[in-house]
Amino acid sequence: MLLNLTSDQEFFRDTTAKFLNEHAAPTEIRRLRDEPDGFVAEYWQRGAELGWTSLLVDEVHGGGSISGSGLLDLALVADEFGRHAAPGPLVPTNIVAGAISELSPDRHARVLSELLAGTSVASWCHLEPRPHDGLDDLVLDVRVDGSDLVLNGTKRPVESAGRASHLLVTGRTGGGFTQVLVAADTTGITVRPMHTIDITRRFSEVTFRDVRVPADAVLGEVAGADAQVERQFQQALVMANAETVGAMEFALGMTLEWAFDRYSFGRPLASYQELKHRFADMKTWLEAGHAISDLAAEAVSAGSGEAGELVSAAKAFLGQYGPELLQDCVQMHGGIGLTFEHDIHLFLRRVALDRSLHGTPAQHRQRIASIAMDVGKAA
Amino acid sequence: MLLNLTSDQEFFRDTTAKFLNEHAAPTEIRRLRDEPDGFVAEYWQRGAELGWTSLLVDEVHGGGSISGSGLLDLALVADEFGRHAAPGPLVPTNIVAGAISELSPDRHARVLSELLAGTSVASWCHLEPRPHDGLDDLVLDVRVDGSDLVLNGTKRPVESAGRASHLLVTGRTGGGFTQVLVAADTTGITVRPMHTIDITRRFSEVTFRDVRVPADAVLGEVAGADAQVERQFQQALVMANAETVGAMEFALGMTLEWAFDRYSFGRPLASYQELKHRFADMKTWLEAGHAISDLAAEAVSAGSGEAGELVSAAKAFLGQYGPELLQDCVQMHGGIGLTFEHDIHLFLRRVALDRSLHGTPAQHRQRIASIAMDVGKAA
Amino acid sequence: MSADATEGLDAFRLRARSWIRDNLKPVAAGASAGVLRNNSTDDEELAQIAHERELQRLLFDAGFAGLCFPVAYGGQGLTPAHQQAFNEELTGHEFPVRLQAPTISPCAAVILDFGTEEQKLAHLPAILRGDELWMQFLSEPGGGSDVAGAQTSAIRDGDEWVLNGSKVWTTGAWWSDWGLCLARTNWDVPKHRGLSVFMLPIHQTGIEVSRIEMLNGTKEFCQEFMTDVRVPDTDRIGEVDDGWTVGIRWMFHERMLHNSPYVTIPAGDAHAGIGASSVLRVARESGKLDNPWVRDLVGEARMLQLTSEALQQRLTEGMRSGAMSDQSAAIGRLLSGVVSTRTNTIAYEIAGGDSGAWTDDDGAITDCGSDFLMRQVSTIGGGTTEMARNVISERVLGMPRERTLDRDVPFRDVPRGGQS
Amino acid sequence: MSADATEGLDAFRLRARSWIRDNLKPVAAGASAGVLRNNSTDDEELAQIAHERELQRLLFDAGFAGLCFPVAYGGQGLTPAHQQAFNEELTGHEFPVRLQAPTISPCAAVILDFGTEEQKLAHLPAILRGDELWMQFLSEPGGGSDVAGAQTSAIRDGDEWVLNGSKVWTTGAWWSDWGLCLARTNWDVPKHRGLSVFMLPIHQTGIEVSRIEMLNGTKEFCQEFMTDVRVPDTDRIGEVDDGWTVGIRWMFHERMLHNSPYVTIPAGDAHAGIGASSVLRVARESGKLDNPWVRDLVGEARMLQLTSEALQQRLTEGMRSGAMSDQSAAIGRLLSGVVSTRTNTIAYEIAGGDSGAWTDDDGAITDCGSDFLMRQVSTIGGGTTEMARNVISERVLGMPRERTLDRDVPFRDVPRGGQS
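Chains as they are written, first to last, in this note's numbering: chain V, 1 to 379; chain R, 1 to 379; chain U, 1 to 420; chain X, 1 to 420.
Simulated from the structure, these hints should not be mistaken for laboratory data.
All the given hints hold, so there is nothing to weed out.
Partial list, computed: chain X residues near chain U (C-beta under 8 Å):
(1) 291
(2) 292
(3) 293
(4) 296
(5) 403
Just some of the chain R residues that point at chain U, by a computed CB distance under 7 Å:
(6) 130
(7) 194
(8) 261
Cβ coordinates follow ideal geometry from the N, Cα and C atoms, glycine included.
Hey, can you work out the whole structure from these sequences and the hints?
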């Protein structure tokens, strides 16, 4: 992707990069640790004006892509988010906006337009707490009760739930998944803030106790949302992967510069062979990360049959080598790399966060193995 | 152990070392790949004269130790075996001789005296083939039938079974282990040679089909041998661990010498920082391997309650870092390190073999975890 | 490279597909599993080579050999995209694997880059027809990674050169025809400035070919001893004493290997040896697929393979478009070495105790132990991973070069330690 | 060191056991879990320090402080075996942890090695009584691993020295009393030959102590800015310009840390932070102990801990007996760093998604993510693992030294790159 951008994509990307350089500088990010939502409203609205929230939304509903593939354009934004460890609920807002646009743009036109304008944000309530923290192990119950649906269960971690006007809840109705869009202030919903390793992202545990919603809150079919949930999951993975690659790239560049500038025993660090070889490894992980992340993004964008395997491979690879690359960057910096005033931990946090969300490397390796076993069985 | 040898132990060790220098030089080991048993009879008899087979046997039965702990003395021999990748059925012969000496020295006096003299060898039939290849998953059936016992089942890999006069078979009678000493030519026993990665060690799959032996073939109690089996297993682990450490030490020394002698781009390999740091890692693995192997040997020798955990920790550590050290030695040598004429693979083979026998690192990590869980539960 | 100038890609692909199905036998997955295993006798191997020469001739006659070589030299003058399409269609079929590396790349590629018109006409069509099998006379005993430190000597004698020295790690020199040889023509200048490159027939008086036995019994590699071998000056490639210019490009082609537009190789088959599918077979035949620890390793192997393939693809595109320097090939070489050793180790781990001793009945588990012994071949052969890391740090990232003690002194004065 | 000359080991052990049980409170396992976590307010921390000074005084009065220090300086003149026995008995009890490193080792150990009689009498009893807490004024901002490249300057002025410069990574300088300071007294000689060591009170005009916030919020480390700090020449340790002789020994004591015969620390507690028992707790509280993949990691963590402890024991014995050089301490430092980062990563792996976001109810899983962010502290603090690898390869294995550009030139001419 990075190798073949159109000039429109380049321009789009540069616009976001410039904006983030100005409004998401490291000092600002450090300041935001005390901000309840982790970002300020105006920042997000201006990002929305740049197109951050509209790429998975059809043109007819107020969205639109740059290249024809909104997901690939969105990956460019996510990559820039990684390069800046930028604030803002990029993943949940886009997932929810994309789902509404695809499944019920008219019924939820007001919600969609607010998401597009950046005046409100939405959360996706997807994975669940232990012991149901497997990728497919969703047990939140969505029961049909006359013309209503009743939700019971717990979701975590839910990004930006404390700030969201609406929640997209993925639950189970018998053997299939059901997705419901519900206002965050509906009776029976409890949002409990969690701790996190990131500085600007916020997560909550969201509990649904007999939450009653009308049937038209359903996005798609009752018990028929499995393919849609998988698609949303793959989209989230594409964004998380692109963000990780962006953060790796920026951190490696910054550390390389440090190695040239920094002298030890009268020589620049960059002249020590053992460090040089570690930089060679890091460069290799980075390029490999770009490669698998881009390939997976294209597959997901194209809806290819290999998308699930590729995007899990990318997540597993980046979730393992991303944090290792960042930790080695910390090591190269020595003690100051562990201080709050230094910038490197902003990227370490973001990469470690993305590794933990949407399934860990270990969970994705299990998923890849299952796919390989199925393919192997068929062969 | 290596740090605190008595002068008697030093002398004993040196005697074995000198003998092996002379009779187990690399050219001889390469030649032995075509020898059916992997060693020649005279070699083993002369080794027996040096004490290789008598250390776990009581003095009153013709054995005796140097230091008071035969097992620690035996670990010295095993260490030298590792340093030379030496031929000969050290582990099975000692395990069987030790068990006879402890449990029925009189009934099997002739077998014992032949083992001590090195005129015959014995095998221990312990672990079993898939799917019963777990460390505790022994299913060979020892059925009591009147005054006889009837054996049914399969064991593998069994060291030197093709050469052994007697087999010590560990099987199950109901809920407990039973051990039987049986002549290798008893009706119903099939010995089928296996392939192996080592050059001089030989292994077989041994099948027992309705093998009938008299009751006095039992060593210890019927269904009451569990503690004895565990003790034998720990003794085998101590020998395998010591052998691995010896091979690691020799290979590292040899590779270090190579790095000093070998010039690349006008400088000795030893002057390249990246290689220096890998040597530092290897030295650290080696010293750590010595440390845990020695500590475990002492605990097993003393019958301490921590012996099981320590000896498994040593096996798991050496089984992981031993092969990695050897592979890095190969890498340092470049292409010639992969040729049959070079010596390094003799040690790689031995270390890789010891890693595979008596439970892999992964199996021992499971064992350690079980012990930790039990302790944790009790706490 | 425009699609107009050549046969359209889609049409070409269909034509290739149908020809391949009609002419090449299918091969079973896993047929080439393992690490340089010693699976056949010498007679069998010679028969295979004869068969591969026929396959290459078949390709040539059908217009599928040398897709990216100019038509003037027996090629087809098509684009790398055509080669890629052909490779994709080739998956699952027999092909002349021994004709690819090192014959077509790097040897034919180097001749194409530096040969005179006569040299190209003399050898390239012969190679593409399967008539000439080439080997690299590059590495030397005691030379290690420092190929520019070659000590094989070439002394001028009228219109000829007289070569003396020894070369090593020539794959299958015993059944090959020609060698591309790096030799020292000047000992009084620094090492990179005194080299020249020659072409020579392997089977001639003065060259003794000796086979090297690897630790697993394979005898695929050879060492050659050259004594007063006479080479006409017309068989010199590139300028006298400027052989390193040829050498740099030579090694670039070597590192490119599976990304090379010259090489015919079934797509997805880049990782010969132990791949994710071997790992899956070992796990299944061990009966351990229900163990999460084993599944974790299976997933890791597959993840690494997909990532390594994606990287090769990215590098190929990047170098082709100029977005990346040619030195970036070292990144692919490093990852493929690391992935290969790790995948080998994963299979070894899953095979468990059976990797120490096994029977002929053990199916995919058979030889997992032997393969492990050969593991480092993936990080040594074709340039060590250490050299790749040097190239990446120094040439790709621009970090300071390692201090060498052989750069600015006459080659004869370079310190050589114990072995010189 | 004969048993006759001192109290018998067994008798000592029994006496220690009974005193410890009567006087020191038991502590819960896992109470000190995590990596430098920010668990208490400043006021709480000051209260803890006051309490530890009392504990140290309690030890001193009972004859259990400074077991291996000479009696003349307030110690007990016993053997390392006595200290080891005491440490074993101390397991599971509170103890004055902040008084050990760096106060007793390396600071008191350095004073014992190089101090004058007056200096020893002035400080060692005070330290052993808990009256003086010491810090190392060793590292400098921009100095990295090169402590001999100190740029803090000490200029002689009559019977005094005037110090200017900045020191960093002093643990808890804000609640400590004295600093042991390495300073440059001569800029016209190569770097190792122009250093001297001084003792100075921390809280005085001219020293500004600033606290450093770590990424996890801890403010344990400090930086000091020294402006015209006057130190009497009688507070100099070792010879003028020969401070590196002191420095070598100083850093040896630092690397020895948990093997030091001077240090009182509960046996088995050498690995503060995340140990195998933390890993087991995380696995159990995650409900994942029935998963073989998780059990594999639990087993690995325990294996590494047992091995690392065995290694420390071996090195201690080896150095004590002279079978190993003092430089071998670097082997233990390397493994403990590697084991610590790996164990940290294992806990992080097992915690899974909960390491990214968690609640206060998550028990042992809480803060696994934050601990991971701090992981490298184990391979940076107390000398980097890179320096340990240098020491092992060059000093233990005797491999050629790295080329330095600062060895034979006056210190003022050493290249310093961007930051000088």
